[in-house]
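S.K.: These are the residues of each chain, in order.
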Amino acid sequence: MMRKVYLDHAATTPLLPEVREAMMPFLGEVFGNPSCLHEWGDLPRAAIEEAREQVAGLVGGRLEEIIFTGSGSESNNLAVKGLALAQQSKGKHIVVSAIEHFSVLHSAQTLEKWGFEVSQVPVDRYGVVDPEDVRKALRKDTVLVSIMHANSEVGTIEPVREIARITREHNVLFHTDAVAVAGTIPINVAELGVDALSLAGNQFYGPKGVGALWLRKGTRIMPLIDGGIQEGGRRAGTENVPAIVGLGKAAELAAASMSSRIEHLTGLRDRLLAELPAKIDHVVVTGHPGNRLPGHTSFCVEFIEGEAMLMLLNSQGIAVSSGSACTSRALKASHVLIAMGLSHEIAQGSLLLSFGSGNSMEDVDYVLEVLPPVISRLRQMSPLYAKFTKASKGVK
Amino acid sequence: MPIYSQKVMDHFMNPRNVGEIENPDGVGEEGNPVCGDMMTFYIKVKDNRLEDVKFQTFGCGAAIAVSSMVSEMAKGKTLEEVMKITPQLVADELEGLPKNKFHCSNLGAQALHKAIDNYLSKQQKGAGEEAATAPKPHEEIKHVHCPFCDSELMDEDSPFCQACHAEIR
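Going down the list, the sequences are from chains L and B.
Per the numbering used here, the very first residue in the first sequence carries number 1; after that it's consecutive.
Per the numbering used here, the very first residue in the second sequence carries number 1; after that it's consecutive.
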């Protein structure tokens, strides 16, 4: 049987058996609505509050500061739109980075249509935001800064603490999209100094379709979904109890095993990044070389296109992602890679391999065995590679 | 559901006629690496027929499959027959292409037609004489598709898709 190697944990992680077990009763006999006052509501209500405590524990927040949502994207929408709208009497200007997730960038675009102004701060070639650029972007009417904790496409970790120091000085709210970070590396909201932080369950072995926003106590937010008083009136709708319970359990497990997970993932990542250049020439590692997410490797292979690599790797049982134009539904090259100053031509060869707890050194061996022939096969077809080899022969 | 038909996968995994012809009678290039797909076709002509066709492609799985299919459809055919190969015929032979990829990856026929134009212009200039300029590229018709419902947009700059009314960012 063909070896199967899943290296797309940045897209989603598998559900841990312990998480599934914790969820099962709520997909079965414990079906009550947590808002109900009769006995059927008691257990689901208690379960949600336990999950709230588990998620609060993961980020070092208080339990009443956790708002459960339907996804990381919803958390980002709620934070960006909800915080900006709640403060619009103070001003209508917000600041985001050029490499935010679309759930932040498109929320900002929507705010623009509602009369807000949006400033985008750039990133350097490693995808790092300069906190001084954030300072320069602040205006008298700035009400919100939203800059991600780490970028899921290139793995770069942003200087969130330094940015928070600046937003505090200027008394501006700071939201960070920590979807790629929460459950992977330690987070402490008090130490970070942020006001709001988004996370999602399917990034750390919890279920899909559930996320959370940690929101500093006392911070006003405009709900996006009006209705009942679920989540303190900040997110109406009957709770997705099994998913929330799963998120809570996943958060608890992530907090408990974080250091061993990090050690494992870092070992896999560092070995792949160390051995890759010896196996393949003309490869550009994307993202920060050192300050990146533990299980995250991303690079661009010159002269060939990412989707073709992805499909050939898939045919050999390896699942990866790419930021090439052809892999996106809108057929646009990754805005992250372009913002980092990569040419469209190089960005087309983007590959992203993200490890998880289930991966082993044998998986790295397999990738190092399978990837080089895939690349040389596509290069042999590539007119760009033919031109390059002819030109370099000409020089000699 | 896999995004590509079995036929596309077959031609992508086992592309026919990959490579370069030494001293070709015609060369045609279409696309550019910026938009993600670029194809070069090389032809050898004998008695008004394509005796040999080879290609090099930079691009996604669909682009590689298209190139391979075009080369197979064209080999041995007369120049007139080859000029009648359209992107739609190529897509049909491949049992379909993803709608949003139909135009960007489906450049094989155009690239091959350019190679024939290149051959014909060399012929006109007479044997022994170098072809000074490449033939004019075909007029490119831009097709833009809604990223949400895949239907073709009437106007490239339209902020809305007229089919599903989604906003195009």
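Keep in mind that the hints were calculated from the coordinates and are not lab data.
Remember, it's a predicted structure, so these values are computed and weren't measured experimentally.
It is possible that part of the hints are untrue.
[Unchecked claim] Not the full set, but computed from the structure, chain L residues with beta-carbon under 10 Å of chain B:
1. Gly32
2. Leu331
3. Pro383
[As the list claims (entries may be wrong)] Derived BS3-like pairs (lysine-lysine); straight-line CA-CA distance at most 30 Å:
4. B:Lys125 x B:Lys99
5. B:Lys46 x L:Lys217
6. L:Lys387 x B:Lys44
7. B:Lys46 x B:Lys122
8. B:Lys122 x L:Lys332
9. B:Lys54 x L:Lys393
We treat Cβ as the ideally placed atom computed from N, Cα and C, and that holds for glycine.
S.K.: Against the structure shown, which of the earlier numbered hints fail to hold, in ascending order?
M.R.: Result: hints 1, 4, 5, 8 break, sorted rising.
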